[in-house]
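Taking my numbering, the leading residue of the sequence shown gets 11, the next gets one more, and so forth.
One thing to keep in mind: the hints can contain errors.
With beta-carbon atoms standing in for the labels, derived distance ranges [said to hold, decoys possible]: (1) W100 <-> R181: 18 to 28 Å; (2) E162 <-> D125: 17 to 27 Å; (3) T64 <-> L93: 35 to 45 Å; (4) T130 <-> L101: 29 to 39 Å; (5) I122 <-> V96: 12 to 22 Å.
It should be emphasised that the hints constitute simulated quantities derived from the structure, not laboratory data. We put the CB at the ideal spot given by N, CA and C, even for glycine.
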Amino acid sequence: MGVHVQQAQLLAVGVHPGRSVLRHGRQASASPRARRRRRGAWEDGEVPPAVPVTDPTAAERIRRRYPRSWFARPAGVATLAVLAAVVLAWLLWAASSQASPPVSGRVDHYVISDDRVDVTVSIQRPDPSVAVSCLVVAQAQNFERVGEVRVELGPGTEEQVRREVPVQTFRRAAAASLDGCQVG
11 MGVHVQQAQL LAVGVHPGRS VLRHGRQASA SPRARRRRRG AWEDGEVPPA
61 VPVTDPTAAE RIRRRYPRSW FARPAGVATL AVLAAVVLAW LLWAASSQAS
111 PPVSGRVDHY VISDDRVDVT VSIQRPDPSV AVSCLVVAQA QNFERVGEVR
161 VELGPGTEEQ VRREVPVQTF RRAAAASLDG CQVG
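Whole structure, please, built from the sequences with the hints as guidance.
Next comes the structure, spelled out in structure tokens:
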């Protein structure tokens, strides 16, 4: 038994090769002209008029089944607006405080030997009158820390300082990095 290449695609979207569209239920036998007559005057997107419910028990049942929307209440909308404003203010504060850290550093280059790594780091601090400490880390090929040294910079006059840091390792390192700098 063979399957035509297009057959699975036609059936997947509900189109049969002999008919334009597959229909189910009442619409299966209705012609397009009969379906248009059945739709009435509301086919242009108009909303049919609401039918008033005169039975009090039916009205109560409908009210319980379809409660008022939470967003239709003014207090709910106001609460949501205040909450959104607080979240937006926190987001702006967090972004601005992290955009300009008090100190930053980077590894310029390093030279690896069997038992040590000579690392050159550049540390930048906008306020040179504060003390800074940075952690220089040597890592093996499997990312295990094989050595680390804390670099301390006291108060000075230069905003950007470049230092040569020797890091002793207990086995051969593959890379060196700066694990972070902090004020104090």
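Comparing the hints with the structure gives:
1. W100 <-> R181: 18 to 28 Å: Since W100 and R181 have Cβ atoms about 45 Å apart, the given range 18 to 28 Å is violated.
2. E162 <-> D125: 17 to 27 Å: holds, 23 Å
3. T64 <-> L93: 35 to 45 Å: holds, 42 Å
4. T130 <-> L101: 29 to 39 Å: holds, 37 Å
5. I122 <-> V96: 12 to 22 Å: For I122 and V96 the Cβ distance comes to about 50 Å; the hint is violated.
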